[in-house]
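Count the sequence shown with this note's numbering and you get residues -14 to 346, in order.
The set of hints was computed from the structure by calculation and includes no laboratory data. Keep in mind that a hint or two might mislead.
Distance condition first, Cα-Cα at most 20 Å in a straight line; then the derived DMTMM-like pairs of lysine to aspartate or glutamate [as the list claims (entries may be wrong)]: (1) K232 x D257; (2) K232 x D210; (3) K232 x E200; (4) K232 x D262.
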Amino acid sequence: MAGRAELPGAVLAEMVGAGGPRAEFTVVGNRACPADVLLGVYFRARWSAAEGAGLEHVRMIAALDAVEHRNFPPDVLGLLARGFAPLVPGGYEAVAAAMRNPSLPGDGALLGSRDSRVAVRASVAANPAISARIVRALRSDERSEVRLALAGNPAVLDPGLRESLLEGVVALRSDAVAGLDGLPRELIPRLVGLVSDAGWRALAGNPSVPALVVERMLAQAATADRRAWAELALLRRRECPPGIVAKFAADVDFRRRALAAASPGLSGRHRDLLAGDGQALVRAKVAADPGTPPEMLESLAADADRSVRAGVARNPATPATLLPTLSRDDDRIVVLTAARHANLPISEMRAIVQGSAARTT
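Start from the sequences and build out the full structure, keeping to the hints where you can.
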């Protein structure tokens, strides 16, 4: 529920105060989380560390996510950029997180671009609000990690610069380059011959690599693992060859049938078949598929298995008429999943919050 942008700041603040680190982690993921709540999450983690109570991993991640949030106060970002109020004494993590925030003041970004720590400079290079001045400063950085982060930044619009940056790191960091968005097509054939198995998997799964190229990778794959990764990557494409979907949909292993059910290339015939599968996981994938027609979703919303009903509640295409019923489901997982749905009426969301409060009193 905390992930819904419509939740008011007061509700989010109450959840943070009562729910502990996991609630903090969830709340900072809400795009509408207000600045005071974000500051509370960050400084609560800092106080925990300063008092010697130990800093739980979940709380640390929540604090760093708070610093990266678009609503985190720019003046505090500027202080973090200057090394004030670190999350832990001597720690650079909060500084790096501040450097990734698009709201970071320009002088803070300039400081970060001159920092001796590679992780901090790489974070500045990855900031989507990076200025032309900072790009010029970092394009010749001595560390490939920084140049790679700059090449992967969507704000770097100059294709010539991007290609130049990648050419300089492709041999050193081919696996990392293979996973970059907007990968220049000219580099793809070269990468196929350079990458390790991990890079092959990243390259096959990269949305900027055309499906026809992945099909060629499948045909040229030298090992069973590489063939499997190419097939799985194609299953995630709308342009997936029908034969691959049919192969997975008819597999004796229900986990492979579930992969077919989640494929954007799933045909109506195979969807009808998998919606009646004996395994709940397969039906749940059909239930969560935005391509599943409303009448099929209505049937799946009454499924005996909670994971299937939760799949319907998670589906962005689920009609608003089905959501009130799901938000009152006997299973709490289904209720909380429906609570995150963008089309859930506000009255139902309030009822969920009130029901949650009643159980804790």
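Results for each hint:
1. Distance restraint check for K232 and D257: the Cα-Cα separation of roughly 16 Å lies within the 20 Å cut-off, and the hinted pair is therefore satisfied.
2. Straight-line distance between C-alpha atoms of K232 and D210 comes to about 17 Å, which keeps the hinted pair within the 20 Å bound.
3. Restraint check for K232 and E200: satisfied, since their Cα atoms lie roughly 15 Å apart, inside the 20 Å limit.
4. A hinted pair counts as satisfied when its Cα atoms are at most 20 Å apart, and K232 with D262 qualifies at roughly 15 Å.
Violated hints: none; the structure is consistent with every hint.
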